[in-house]
Amino acid sequence: MRSSKECRIAIVIDHCEGTLSHIFDEAMVRYFSGLPCVVSCYQDDNLSSPRRLEKLVAKLRKGKADRAVIVGGSPKRYEASFRRLDLGTGFNPYMFLVANVREQAVWTIPDVERAKEKTKTIVAKRIREATCLSPIGEEKFELSKNAIVLGGGVVGMRAALALADANIQVTLLSRAKDIGGKAIQLTHFYDRPGEVSSWFKDQVKKVKKHPNIAVKTSVELKGLEGSLGDYRVKVEDPSGKRREVEGSAVILAMGNDVIPNTEGIFGHQRFISPPQMEAMLADGGKSLVTDKERPLQTVTFILDLVNETIKIDSANAIKNAILLRENHDRAVYVICRDVKVSLDGMEKQYRKAREMGVIFIKYDDPPKFSLVNGQINVEVKEVSIQMRGDDYSLSILSDLVVVSERFVPSKDNQMLADVLGIPLAEEGFLMDENPQFARVRTNRRGVFIAGGCRYPQTLDESLVEAEAAAAGVTELLSQGFFGYDLAVAEIDPAKCAACLTCPRVCPHSAIVVERYAEGNVYVTGGYEKDFRWKAARVLPMQCYGCGICVSSCPTKAITLKHLTDDEISLQVGV
Amino acid sequence: MIKAEQKPVDEILDFLKPHRKILLAGCNACVAVCHAGGEKEVGILSSALKMARKKAGQKIEILEDCSTRQCEPEFVQELKEKAEEVEAVLSIACGVGVQTVARMFSDIPVYPGLNTTFMGETDELGVWIERCQACGNCVLHVTGGVCPVARCAKQLLNGPCGGSQDGECEIGNDVPCAWQQIYDRLKTIGQLHRMEEIIPVKKWGRESRDKGPRTISREDLKL
Amino acid sequence: MVESFSPRIVAFCCDKSGYVAADMVGKLRLSLPESLDIVRVPCAGRIDALHLLQALEKGADGVLIFACHEENCQSLTGNIRAKARMGYLHGIMERIGLEKERLDLCNLATNNGAKFAETVLQKFDELKKLGPSPVE
Amino acid sequence: MIEPNKAVTVGQRPGVADQNVLILGSGIAGITTALELSEMGISSTILERRDRLGGQAAVFACKASEKCNKCFACVVDNQIQEVSRRSGIRILTESTLGKISGDPGRFKVQIQSGGNESRLEASVILVATGVDFFNARQKPEYGYGLFQNVITAQDLDEMLHAKGRVLRPSDGQVPSRIAFFQCVGSRDETIGHLWCSKVCCAYALRFMKAIRHQYPEIETSFFYIDIQPLGRSFESLLEACRQDERMHLIRSLPSKVYGHRTSTDLRIRFIDPVSGGITEEGFDLIVLSIGMTPREDADQVADLLHVPKNEEGFYRSPPPDSGIFVSGACKGPRDIGGSIIDAKATAREIAQYLGGV
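Protein chains in written order, with our numbering: chain A, 1 to 574; chain B, 1 to 223; chain C, 1 to 136; chain D, 1 to 357.
No lab work stands behind these hints, which were simulated from the structure alone. All the given hints hold, so there is nothing to weed out.
Here are the simulated DSS-like cross-link-like pairs (lysine-lysine), alpha carbons at most 27 Å apart as the crow flies: (1) LYS139(D) to LYS352(A); (2) LYS7(B) to LYS58(C); (3) LYS27(C) to LYS163(D); (4) LYS163(D) to LYS128(C); (5) LYS58(C) to LYS50(B); (6) LYS82(B) to LYS495(A); (7) LYS27(C) to LYS76(A); (8) LYS352(A) to LYS309(D); (9) LYS82(B) to LYS58(C); (10) LYS54(B) to LYS128(C); (11) LYS67(D) to LYS100(C); (12) LYS286(A) to LYS201(A); (13) LYS129(C) to LYS163(D); (14) LYS55(B) to LYS100(C); (15) LYS163(D) to LYS76(A); (16) LYS59(B) to LYS7(B); (17) LYS100(C) to LYS58(C); (18) LYS256(D) to LYS348(A); (19) LYS83(C) to LYS7(B); (20) LYS128(C) to LYS116(A); (21) LYS59(B) to LYS100(C); (22) LYS27(C) to LYS116(A); (23) LYS129(C) to LYS55(B); (24) LYS55(B) to LYS128(C); (25) LYS129(C) to LYS50(B); (26) LYS348(A) to LYS309(D); (27) LYS208(A) to LYS177(A); (28) LYS83(C) to LYS67(D); (29) LYS21(B) to LYS58(C); (30) LYS125(A) to LYS50(B); (31) LYS125(A) to LYS58(C); (32) LYS83(C) to LYS76(A); (33) LYS27(C) to LYS120(A); (34) LYS7(B) to LYS495(A); (35) LYS120(A) to LYS58(C).
Computed from a predicted model, the values in this text were never measured in an experiment.
All chains, full assembly: derive it from the sequences and hints.
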């Protein structure tokens, strides 16, 4: 805190389009002018307009004041405009304070006289707080236009193409031998009739041919480190050779894994998985008659035993049920807990299926399965015909039963969550759905997620996610640099006890512990001789300025530059 | 490092009763790292004490300070000016720090604000586990780097007791059996034969306290 | 005396939720007690145990923390940490004979203006019954 | 204290500086696209027919219970604040679209604001006009508009947003038994709405969870056809709802609501899925989960801009070289989170179309 003599404060009264004029009468203005350190007083009608603010700054620059307290509405009204002030010539935006008298006094205290009193208290407090202000600078660093996409599935491919089209160099890493992923097994989309494998092949070809995309297949993910502008992915190729891939930003699109249901009776050959069904239909239905003794007449889809809240299975089952009726005239049953129709056009497909004779059966209790003369007997209670105390149930003798695979998180999720400090949700998918990050962003700047590693969704939804993630990366990289102000946490290495509390609590992985030499100069490499001690350091480009480290530090070594402990104390005080 | 916990505030209040002006001295070394006695805790404790005394109608003035290390006389010396102003010192360093302060400022009372608990390792932020009892006769080379003195509830030196079950100690509370850990570790490093080595009964002689406080004396450093 | 007692409340408001909700109270033209002081912090995790104690020490009759709902914190754990710190302080307050009710936390979102006002007024009444802070 | 460390936009990049994107609609899709474009240095003009920003979701209330239930309503709030402060984004409220001429990349647009008419040039037009909510009066058997205590979920949302409380409209008291009717205006052939509005199940369940948290004594029932999952957090939401003993999930749609205009006692008739028989039950607040329908003026906009439509009447994406883009719920029902990522994806497409990235 500076001694108050050094501070010269300008009071700026914002009448907020005349709505506050009854408060700012002459007596009030006189009161403001008489407060300690106040050297000037300006009035304006609507400071939230950037142009007015610019004019104000011009006035302030000519005047004597070195800091200003705006008396008016919520700080949120002004701060966006502050941020766009030209820092080189103007007033430093951090030399402003806002006394929010409109929301905190005028609007919430009905009695005008009392509201005026409250206004005075608020402003007086702000004036005291203003003595603590100090200017904060900004920095920027160059970002090279390259990015890494992890995962060569359809989501990764879409993200890579979107980035590459925006002139960003992409390295696409795939664990599999070839790109394409699981979705490439699909031959139909429910809402796009006809062959889609050609669409997939086209996508794969585009990715491989794109001059801005480098595809690396058969690589095992071994680690990921770095920060925005300098992410490094460690990969191992089949020969065991390790290498590093660099990129300014990363999109995680490893997809999810699936575990086929083969326990107990589900291991029987008449139980198949949805991809097997897909393959059977892909060859025009030739394999539907492989069993010579008994042609496959009845096909039953069992849904919702696993993945009850994932609608992929339901969509595929309805799609394939229609195909089985339409092209192969098989009897088809779909047994599920709920028919999931929350996809574009699916209600109509559902209706079409029923019209074609597909029988849908809904259950509350899971169906029972038994082997009867080589067929599978599916026993189920249909919810709409069950009666209280009645044991009435349906028996469906099926030649083929399609049971869903369980969708599970990719095996890389845990490792990535650990090294990136990204939270895992309960089931092991990446990143809780935190509204603050609007699905595709993560708590680590420059890392985005899309598709099945976040949550298995339908193809369309995943592709939109891929594009949104690509949009995030494009936004970051489009300017060619990342500019940020230094309103972040700062650690005094001389006070740091290297207790590792701050890197452990930092939610944005913005703190590292490294060597430092005397004179509070951090040394990042090549320093050996006078090596002394390790101290924590904040990476300002990663820091969101939340202040968790500040309040956790046991030695009070950390300061939040735009809200110091002194300022909070003054706000708390009477 | 040394781990400690703060004493309950009411206990501290109790022994501070006769004093109206004290020095609250923290230590920025081990006890700061375990969030018990660093600069932050000095502030919190000071605030709590002041409030409690205000409430009781008996105000207390508290000077605050935090040493680099309270087990070093030179650093404690820096507190001298403030110590001369007060009636007593409340030290929230480990027991060593409290005693250093007591020795340096021999004419005023010095009180401990912490319970020094053990020497341990950080399991995760906020969780510390005991690892060493400073018994003075280390056997870690025989036990694969796992100390039976600090980790076995019975401090057994030659294998587990009958209560070890599925790798767990019979005292429950999810405490692993130290001897199971020793076995596993020796197996991993291929030194299972070490299990057969008999660790002799501990000589609670020179290492123990029957000759008074233990001291370490390094002739080469002493000059 | 008790009739005219108007408890002083210090409200620490997370900039991502509580502060915006407080603004919304104004927009809805609901009234708040005059003795309410709003302290704006970037995240509830910024609030140090020390700040909370200081507020009580400096004469606040009650301290409120307005934090984001759990699983809606931009800093993931800021709100949870604030809650944990409050729990820690409750322990200390109990030991020194200060009513726990004087320190409370409310989770809300930006658009919970009505909830903000209600929480403050409820606390106001509660503190009125409780009487002035004994450490004042 | 200023919110720190957002990337500082320093001027606009050449090439896209004179580009202007005209955004029709200031719902969550429209404003998110505007914000994303502004991050990429592309300026935009938002056209809104109402006097406020935010579209349908602007009056949605927070539906958190003991923790956030991921309704994303707070995000809308944030985005509205953000968009009105951003330079490079022009906002025209109470304005509608007039004639359009010119070619893709250089549209000339007439705009009516109040009585005034103005013109502007736009390189790209983004249609983000959103949806209408189903008019519950079209299902007279539920008595919306007839019985005071039959309200739509949107009515309830507005109430919770402004007052922070759930009250019976008839007497301003806290209700004791609330029923949620799903699929009002969705999946309903009698009114020709053969689509699922996707969001209502999650929406109503979150609502119920929030209400049960705020008023533990209220009993809630949820009448549905099929429970439709919505995204990532749905699984735990559904599980929590199933665990709640005072939250009844009933697989049956009521056929009719009986009651008196101001009476607090409403009776509903439905087939009890447990007994199989027709049952009646009493509630004092009935909330209709109304579905989404294409906007009333969807055809006009579609004709004006040559935007193709799907069978249900929602928009489909026009060919990329048309200079016209479509985003958000006007493409079909979606939730706030879904609209946000859709808007992000669209912003990128627009930027790419403009060749500025």
